[in-house]
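There are 4 protein chains.
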Amino acid sequence: MQELPSSVDPARFALCADAIAEAARELALLGWTPATSSNFSMRVNDELAAITISGRDKGRLGREDIMLVDMAGHAVGTHARPSAETGLHTQAYRRLPHAQVVLHTHSRTQSVASRLFAREGVVRLEGWELQKAITGYTTHESVLDIPVFPNTQYMPELVARIDAWLDAGKPLHAYLIDGHGIYTWGADMAEARRHLEALEFLLACELDLRRFSA
Amino acid sequence: MQELPSSVDPARFALCADAIAEAARELALLGWTPATSSNFSMRVNDELAAITISGRDKGRLGREDIMLVDMAGHAVGTHARPSAETGLHTQAYRRLPHAQVVLHTHSRTQSVASRLFAREGVVRLEGWELQKAITGYTTHESVLDIPVFPNTQYMPELVARIDAWLDAGKPLHAYLIDGHGIYTWGADMAEARRHLEALEFLLACELDLRRFSA
Amino acid sequence: MQELPSSVDPARFALCADAIAEAARELALLGWTPATSSNFSMRVNDELAAITISGRDKGRLGREDIMLVDMAGHAVGTHARPSAETGLHTQAYRRLPHAQVVLHTHSRTQSVASRLFAREGVVRLEGWELQKAITGYTTHESVLDIPVFPNTQYMPELVARIDAWLDAGKPLHAYLIDGHGIYTWGADMAEARRHLEALEFLLACELDLRRFSA
Amino acid sequence: MQELPSSVDPARFALCADAIAEAARELALLGWTPATSSNFSMRVNDELAAITISGRDKGRLGREDIMLVDMAGHAVGTHARPSAETGLHTQAYRRLPHAQVVLHTHSRTQSVASRLFAREGVVRLEGWELQKAITGYTTHESVLDIPVFPNTQYMPELVARIDAWLDAGKPLHAYLIDGHGIYTWGADMAEARRHLEALEFLLACELDLRRFSA
Numbered sequence: 001m002q003e004l005p006s007s008v009d010p011a012r013f014a015l016c017a018d019a020i021a022e023a024a025r026e027l028a029l030l031g032w033t034p035a036t037s038s039n040f041s042m043r044v045n046d047e048l049a050a051i052t053i054s055g056r057d058k059g060r061l062g063r064e065d066i067m068l069v070d071m072a073g074h075a076v077g078t079h080a081r082p083s084a085e086t087g088l089h090t091q092a093y094r095r096l097p098h099a100q101v102v103l104h105t106h107s108r109t110q111s112v113a114s115r116l117f118a119r120e121g122v123v124r125l126e127g128w129e130l131q132k133a134i135t136g137y138t139t140h141e142s143v144l145d146i147p148v149f150p151n152t153q154y155m156p157e158l159v160a161r162i163d164a165w166l167d168a169g170k171p172l173h174a175y176l177i178d179g180h181g182i183y184t185w186g187a188d189m190a191e192a193r194r195h196l197e198a199l200e201f202l203l204a205c206e207l208d209l210r211r212f213s214a
Numbered sequence: 215m216q217e218l219p220s221s222v223d224p225a226r227f228a229l230c231a232d233a234i235a236e237a238a239r240e241l242a243l244l245g246w247t248p249a250t251s252s253n254f255s256m257r258v259n260d261e262l263a264a265i266t267i268s269g270r271d272k273g274r275l276g277r278e279d280i281m282l283v284d285m286a287g288h289a290v291g292t293h294a295r296p297s298a299e300t301g302l303h304t305q306a307y308r309r310l311p312h313a314q315v316v317l318h319t320h321s322r323t324q325s326v327a328s329r330l331f332a333r334e335g336v337v338r339l340e341g342w343e344l345q346k347a348i349t350g351y352t353t354h355e356s357v358l359d360i361p362v363f364p365n366t367q368y369m370p371e372l373v374a375r376i377d378a379w380l381d382a383g384k385p386l387h388a389y390l391i392d393g394h395g396i397y398t399w400g401a402d403m404a405e406a407r408r409h410l411e412a413l414e415f416l417l418a419c420e421l422d423l424r425r426f427s428a
Numbered sequence: 429m430q431e432l433p434s435s436v437d438p439a440r441f442a443l444c445a446d447a448i449a450e451a452a453r454e455l456a457l458l459g460w461t462p463a464t465s466s467n468f469s470m471r472v473n474d475e476l477a478a479i480t481i482s483g484r485d486k487g488r489l490g491r492e493d494i495m496l497v498d499m500a501g502h503a504v505g506t507h508a509r510p511s512a513e514t515g516l517h518t519q520a521y522r523r524l525p526h527a528q529v530v531l532h533t534h535s536r537t538q539s540v541a542s543r544l545f546a547r548e549g550v551v552r553l554e555g556w557e558l559q560k561a562i563t564g565y566t567t568h569e570s571v572l573d574i575p576v577f578p579n580t581q582y583m584p585e586l587v588a589r590i591d592a593w594l595d596a597g598k599p600l601h602a603y604l605i606d607g608h609g610i611y612t613w614g615a616d617m618a619e620a621r622r623h624l625e626a627l628e629f630l631l632a633c634e635l636d637l638r639r640f641s642a
Numbered sequence: 643m644q645e646l647p648s649s650v651d652p653a654r655f656a657l658c659a660d661a662i663a664e665a666a667r668e669l670a671l672l673g674w675t676p677a678t679s680s681n682f683s684m685r686v687n688d689e690l691a692a693i694t695i696s697g698r699d700k701g702r703l704g705r706e707d708i709m710l711v712d713m714a715g716h717a718v719g720t721h722a723r724p725s726a727e728t729g730l731h732t733q734a735y736r737r738l739p740h741a742q743v744v745l746h747t748h749s750r751t752q753s754v755a756s757r758l759f760a761r762e763g764v765v766r767l768e769g770w771e772l773q774k775a776i777t778g779y780t781t782h783e784s785v786l787d788i789p790v791f792p793n794t795q796y797m798p799e800l801v802a803r804i805d806a807w808l809d810a811g812k813p814l815h816a817y818l819i820d821g822h823g824i825y826t827w828g829a830d831m832a833e834a835r836r837h838l839e840a841l842e843f844l845l846a847c848e849l850d851l852r853r854f855s856a
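Residue numbers (this note's numbering), protein chains in the order written: chain A, 1 to 214; chain B, 215 to 428; chain C, 429 to 642; chain D, 643 to 856.
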């Protein structure tokens, strides 16, 4: 049972939890959350985020599968265990003020692309009309770089690499983790979903093109 | 809110809007309209067409997501913004008197084929029984050429290339835009859908064959 | 409207028509009948078969989309036009006494495999456990040959090639037509569906294996 | 009709049969049980297991399609025929005390991977985050070996090979049979499903990677 701190309006929590659970169910139907993987969160207020509880089947989520964490990634008002990767969600909320929703999925395309581009450290997307689905992009003539970070079970290492990328002032709309999956975000659920859907599509197209030029 | 000009029978507009919304929902389910891309239209009368409003999720369209434009592509009776590519729809209605419905989608197959065949400027389809699904084709021994035009964010440039193709008297049943998607049309929704479905299938088969002959 | 000859029990015709329409709807959902292609039939009695009327959307078939033909392929009791390929269905009923149902589909796998193996004239399947889904096969150590015949719009030519194969005493469980699709059959709808599903699967696996050995 | 021995609580049998039938329907929807292939079982008590009756369409299973077998694989309380591969299920229950559910499917990915890795005799999975979905694995830096055994219609031969692998003390979470499919299991239905889903995903990713490095 989630016990809400007085700073959280129950209606706001319910809205966040329902939006996360609905998105998770729809993304699970696409096969992007295999074997209880993937996690999803939404900013509740300046101090707290709602996030999926670890290990649940993402195709059958309800409100009771969502918990609160503070911006250091600690559980708030519950004994449930947040996902091991909670620190990547809270980092996004700390570093990217416009991010209200963070989505992390594990599709086959995302996993394979992350392995294939791990050595280069980046997937460079160019010449695709659908790059315009990323907020701020207005032409296919732009360049959209998605970094690929090495995987690790020690989250602070990943957090440091992402901090370094941001500290260097490079644009960041999403990132891949090698052999693992993608993280992306948006100013609301619709934008985060649009970013995720566009990136899945673009990575799949890029892999297809490589098959022919190989 | 769409305000109908007196020249438009409300029942006719409703019929067009519902047909467009239904087709959009079904094509979205196939994954051919990723990240709010794609647009669809239907000729309402000699002066006007109904077309999808820009940026809406094509999987959740209703009648209120459809607007009127004149044959120059200007909004009629609404402040909604038509798609940036409206000019390609109205060009089809001006140049191809038999076209009553225009469909533009962005499937992965369409996007990848457009990139792969961009240099040749055309996808040549031969020897497939399903070419007979294109009105006017009666045998697999025919040749079906689908041109691939360079992408641009400046619509008049694209319109001019398509005009040039038509002015040269070459047959045109559909065209691809590089890195982008396909445009096709028909004398009614059923024919336009059949053309789109057949072309998606033929492009996918052609890509598969290339994988083996590579 | 179908007018039934006195030799046909209306209940028997209804049963055949419903079974055909249901199978067509389910196969259309799998994407194996693109753009109104494909056709399906069932033996009604020694002289007649029920078959899909030409050009209908296979995903939306009802009883009224099914007609009767005699074993020479002529329409019986209706002005509807049977499929151009009706002669291949009636040949199966004439030559293969155990065949009660004939299914013809156009999946992408079937179309691509037919092009790829057209020169060899046969797809040879060996070493797959699922060969046992074909009636009469009891081990993966058997050899299952699916001939590939050249496509033609002139049916008697195709009928003659199939007759020649049968006259040579070679086993025939299904055949492909180049650039076109597959024909298979069974002693009832369940067996015909099982054969079709197994062959689609085996052709897809065979294509996948070729991709790696290429 | 299944007649239950006095040692079996009818409610326990009903629970097992319903869980098996539900899993079978869901896996069939994914296309992993083509042409009536595949079989599924659950341990009822120390002496008996519930298992799918041979040859039924896995997409339409109900409680009446499930039967009891003893740990030697003989039918109990029914004249129905258990699957030819029942011996592989009962071997798992005899040798792996934690296994409560055994799932065997035939997806295209599983079949193709089994052929491709048959000569090496094993699929080695390394560097994938999703390896953590297998109980006992806590990092992508582990190695997960899935053996590939030669196919045979003579079950005791397969049983002996699997016994030999276990007797050698090698870890076994699943195995492939060449040209055939996969076997995996779990301490309950949820764990067995998670293992199956993760392995299908990992095999598909591994095949994709091979396409690029070929």
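Honestly, the hints are just simulated from the structure, not real lab data. Keep in mind that the hints are not guaranteed to be accurate.
[Said to hold, decoys possible] Label-pair restraints from in silico Cβ distances:
hint	chain 1	residue 1	chain 2	residue 2	range
1	D	Ala806	A	Gly31	32 to 42 Å
2	A	Gly31	B	Leu380	34 to 44 Å
3	C	Val550	D	Arg737	35 to 45 Å
4	D	Ala806	C	Ser482	55 to 65 Å
[What the hints assert, rightly or not] Which stretches of chain C does chain D cover? Using the computed rule of at least three CB atoms under 8 Å from a CB of chain D, they are:
hint	region
5	555 to 562
6	565 to 579
7	630 to 638
[To be verified] For the chain C half of the interface with chain B, some residues (derived, Cβ under 7 Å), not all of them:
hint	residue
8	Lys598
9	Pro599
10	His608
Virtual Cβ for every residue (Gly too), placed ideally from N, Cα, C.
Hint by hint, here is what the structure shows:
1. Ala806(D) - Gly31(A): 32 to 42 Å: 36 Å, holds
2. Gly31(A) - Leu380(B): 34 to 44 Å: Cβ of Gly31(A) to Cβ of Leu380(B): about 42 Å, so the range 34 to 44 Å holds.
3. Val550(C) - Arg737(D): 35 to 45 Å: 43 Å, holds
4. Ala806(D) - Ser482(C): 55 to 65 Å: About 59 Å separates the Cβ atoms of Ala806(D) and Ser482(C), which means 55 to 65 Å holds.
5. 555 to 562: holds (count 5)
6. 565 to 579: With 4 residues close enough to chain D, the hint holds.
7. 630 to 638: holds (count 4)
8. Lys598: 24 Å, violated
9. Pro599: Check failed: Cβ of Pro599(C) comes no nearer than 25 Å to chain B, outside 7 Å.
10. His608: 4 Å, holds
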